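Protein chains: 4
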Amino acid sequence: MLEKLKEEVCDANRELVHCGLVVLTWGNVSGIDREAGLFVIKPSGVSYDDLKPSDMVVVDLEGKVVNGSKRPSSDTPTHVELYKSFPMVGGITHTHSTNATAFAQARREIPCLGTTHADHFAGAVPVTRLIGDKEVSEAYERNTGKVIVERFGSLDYGAIPGVLVAGHGPFCWGKDAMESVRNALILERVAEMAIKSIALDPNIQELPGHISNKHFDRKHGKDAYYGQEED
Amino acid sequence: MLEKLKEEVCDANRELVHCGLVVLTWGNVSGIDREAGLFVIKPSGVSYDDLKPSDMVVVDLEGKVVNGSKRPSSDTPTHVELYKSFPMVGGITHTHSTNATAFAQARREIPCLGTTHADHFAGAVPVTRLIGDKEVSEAYERNTGKVIVERFGSLDYGAIPGVLVAGHGPFCWGKDAMESVRNALILERVAEMAIKSIALDPNIQELPGHISNKHFDRKHGKDAYYGQEED
Amino acid sequence: MLEKLKEEVCDANRELVHCGLVVLTWGNVSGIDREAGLFVIKPSGVSYDDLKPSDMVVVDLEGKVVNGSKRPSSDTPTHVELYKSFPMVGGITHTHSTNATAFAQARREIPCLGTTHADHFAGAVPVTRLIGDKEVSEAYERNTGKVIVERFGSLDYGAIPGVLVAGHGPFCWGKDAMESVRNALILERVAEMAIKSIALDPNIQELPGHISNKHFDRKHGKDAYYGQEED
Amino acid sequence: MLEKLKEEVCDANRELVHCGLVVLTWGNVSGIDREAGLFVIKPSGVSYDDLKPSDMVVVDLEGKVVNGSKRPSSDTPTHVELYKSFPMVGGITHTHSTNATAFAQARREIPCLGTTHADHFAGAVPVTRLIGDKEVSEAYERNTGKVIVERFGSLDYGAIPGVLVAGHGPFCWGKDAMESVRNALILERVAEMAIKSIALDPNIQELPGHISNKHFDRKHGKDAYYGQEED
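Residue numbers (our numbering), protein chains in the order written: chain Z, 606 to 836; chain C, 606 to 836; chain V, 606 to 836; chain S, 606 to 836.
Isolated chain Z, as found in the complex (with noise of 0.2 Å):
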């Protein structure tokens, strides 16, 4: 069932201990099929080094099991709200790597400071709200998915790919599995170029929007020209 999907989703988690983004356990990756209304995630708590696609899990938008037989990830919750809000994203990955997750515990937002991160995200990456009590006591997970969402009412998700949770860490998508953990990495380098530029002046300014808008654009707008033409 969804075999080439669960291959892409082992794969993208894999690459997260290849780009240096989790150690242990600390992340997963999930791919949905959109027409089948399925999506294909991690199981939780199994190291990356074993991972085969067999072990992958299926759920459905409920975020009931539907093949597999082992345990989802414990934030299968969460991804279930994303793929529900967020209908253009085909893949969801959430680490904890060091800077994007210094920002998140921080309760700051990331900034945008240069064309780097100007390339890949429309304007700062935002911060949700911590979490309450009641949220947490009902369903946390599904509730951390809800916050996020929330964070997002007036942005646009195709342009900010990625989000801090507050206390806790960076989850990101894309149009597919490994899109995502892409964005995950680009977020942990945006991240730490960030924490060394505040350093070295506390009151720096965001990149001006002529800048920032121009670079993004190339990239991502209805003229984009970086990279090659697709076929």
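Keep in mind that the hints were calculated from the coordinates and are not lab data. Mixed in with the good hints there might be a few duds.
A pair holds if it fits inside one copy or across any two, identical chains being indistinguishable in the list.
Distance condition first, Cα-Cα at most 20 Å in a straight line; then the derived DMTMM-like pairs of lysine to aspartate or glutamate [stated by the list, open to error]:
1. 780 <-> 724
2. 675 <-> 665
3. 827 <-> 746
4. 780 <-> 620
5. 819 <-> 743
6. 669 <-> 640
7. 824 <-> 740
8. 689 <-> 667
9. 669 <-> 655
10. 780 <-> 654
11. 669 <-> 746
12. 609 <-> 797
13. 827 <-> 811
14. 827 <-> 640
15. 780 <-> 608
16. 827 <-> 755
17. 824 <-> 784
A quick note: this is a predicted structure, and the numbers were derived from the prediction, not measured.
Chains C, V and S: place on chain Z using the hints.
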């Protein structure tokens, strides 16, 4: 004698290098056989590259060498004290990993700033007092263990599997040697995130209890649902 | 066409990864054949792993593609401007390396704080002004080159083989493609040291001229005695 | 001539790369044969990858090349001064490692903040004064050695096997070439910990003498009990 435990402890010591937690001979791991009342520890000052199970030293809970041709780690009496006072501990790791040691040198506990920390440590990672002059001259390594135990007076060593010895570095523990290494890795990563979060906000607040408790409980509480059910 | 140069430029682009200067496709290297008036540059948005000499794109000094089936790097017009204005330059490297970019984002030059810097750059590594709104909309990449050239008005590009584009990142150059990569690596290391030195002393002073001049001269002056005599 | 020493010194130079202490050609190691009154040193500006024992250069204590077809390191006269003034030294390493150099550039000694430092250096790692204008123009590299020796006027070079040359970087030494490399690695790690501890507490206090002396003595004192008994 204790051949299987020697293998485990040897592997755990070598894992210190793979995790980037030590250079040269800056660390040691031990593991205990509670029934036999004996533990196995790295020999002093021997390179991790050359380490073989047969080099491991077997020590009793008086700190006397029972088996092995090499001197045990100079920190052996600290391990003895911890095994005697923390009866549920099966393995102990000591390192001088950079970020955890930075906190130990600053004599500052690591506050719980995020869920990465809360997943593994129920509260701040404590720092001991400085060891006194007489304690050093009488029995330095043994008293290092006693100072750790003293610090845990009202703390639960089962829920906080590590400590910073002031001016020195971290000691971590777990149900066996390898888990103590994992906890040392977690502590190092958590310390790095904390240093960066504090740089971003010197007045940073701890994670509220309703979130940190949830994270610790979903991994370690009686209704834990993280990971796979054990067979 | 220019087969040997394509190999050199391909190797130099791949070296960016080995040196840890880029992830994903965040950088590009070019090399010029001054006699032919043509340069060879990385194709846009292609992974370094897959890069072959035959993927390289040949461009003339008007920025027109002369040979190659792929689109050249989107930064090609910046390379054109630098080759036209800096006639002794044989290779150019652009990266978003973390520490150099941190300075670029803080819009702060890298002061000469030590002999590592002085060995390779005769004075501070300058930072450009921010590019203007009209300059962006008219010809962003070309004007990025012009802003760099403007910044070198009274500076010697032969003695300072690199620059920080404000809010963007570093461009470096050298006698050929590989030397420009080496200069990008040096710049990144020098930037990292400078960030740490500034953290240790926010009022740090530049290295006195009698030392910095000596270091630059012993490597690059007419009586240079560093390295081996060239055959 | 001195074939075995050439091998040792070649290995020690290559170890600089394995330890992450150098990039490009930013470092050099030498080792001395005290009976012969000759030392062996890396050739200037040669890549570590290509380094063979036969490339090593033999130099006498006047700094004259006695054997070898390549130019010795440009820092050779500094090594000469150290070998002449520090008669128990058997090997010398110079690097531009990032964290130690950050202290050298800030012209700040590395205070003894913890037992990692105390295990290897009896007190702060000193920083020299800046070398003067006339000293540079007369004999820069030789006078760099003299400035180091001057700094050790009342210090014990046997108990503090390294120094920071102000505005430049570290020189370390030991009983042979490889031990001097190990001391350079220790210095780099100790410097990194110190930068982070100082960030956590700008008013940090040095480790009390009763602890630092204990650590140095248990490794280096007459009743040392760290490591294995030597055969």
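Status of each hint after checking the structure:
no.: 1; hint: 780 <-> 724; verdict: within (16 Å within a copy, 30 Å between copies)
no.: 2; hint: 675 <-> 665; verdict: within (15 Å within a copy, 41 Å between copies)
no.: 3; hint: 827 <-> 746; verdict: between (36 Å within a copy, 18 Å between copies)
no.: 4; hint: 780 <-> 620; verdict: within (16 Å within a copy, 30 Å between copies)
no.: 5; hint: 819 <-> 743; verdict: between (44 Å within a copy, 11 Å between copies)
no.: 6; hint: 669 <-> 640; verdict: within (17 Å within a copy, 44 Å between copies)
no.: 7; hint: 824 <-> 740; verdict: between (38 Å within a copy, 18 Å between copies)
no.: 8; hint: 689 <-> 667; verdict: within (9 Å within a copy, 50 Å between copies)
no.: 9; hint: 669 <-> 655; verdict: neither (24 Å within a copy, 40 Å between copies)
no.: 10; hint: 780 <-> 654; verdict: neither (25 Å within a copy, 22 Å between copies)
no.: 11; hint: 669 <-> 746; verdict: within (14 Å within a copy, 50 Å between copies)
no.: 12; hint: 609 <-> 797; verdict: neither (34 Å within a copy, 38 Å between copies)
no.: 13; hint: 827 <-> 811; verdict: neither (25 Å within a copy, 44 Å between copies)
no.: 14; hint: 827 <-> 640; verdict: neither (26 Å within a copy, 39 Å between copies)
no.: 15; hint: 780 <-> 608; verdict: within (18 Å within a copy, 38 Å between copies)
no.: 16; hint: 827 <-> 755; verdict: neither (28 Å within a copy, 32 Å between copies)
no.: 17; hint: 824 <-> 784; verdict: within (15 Å within a copy, 29 Å between copies)
Checked against the numbered hints given earlier, the structure breaks hints 9, 10, 12, 13, 14, 16 and satisfies all the rest.
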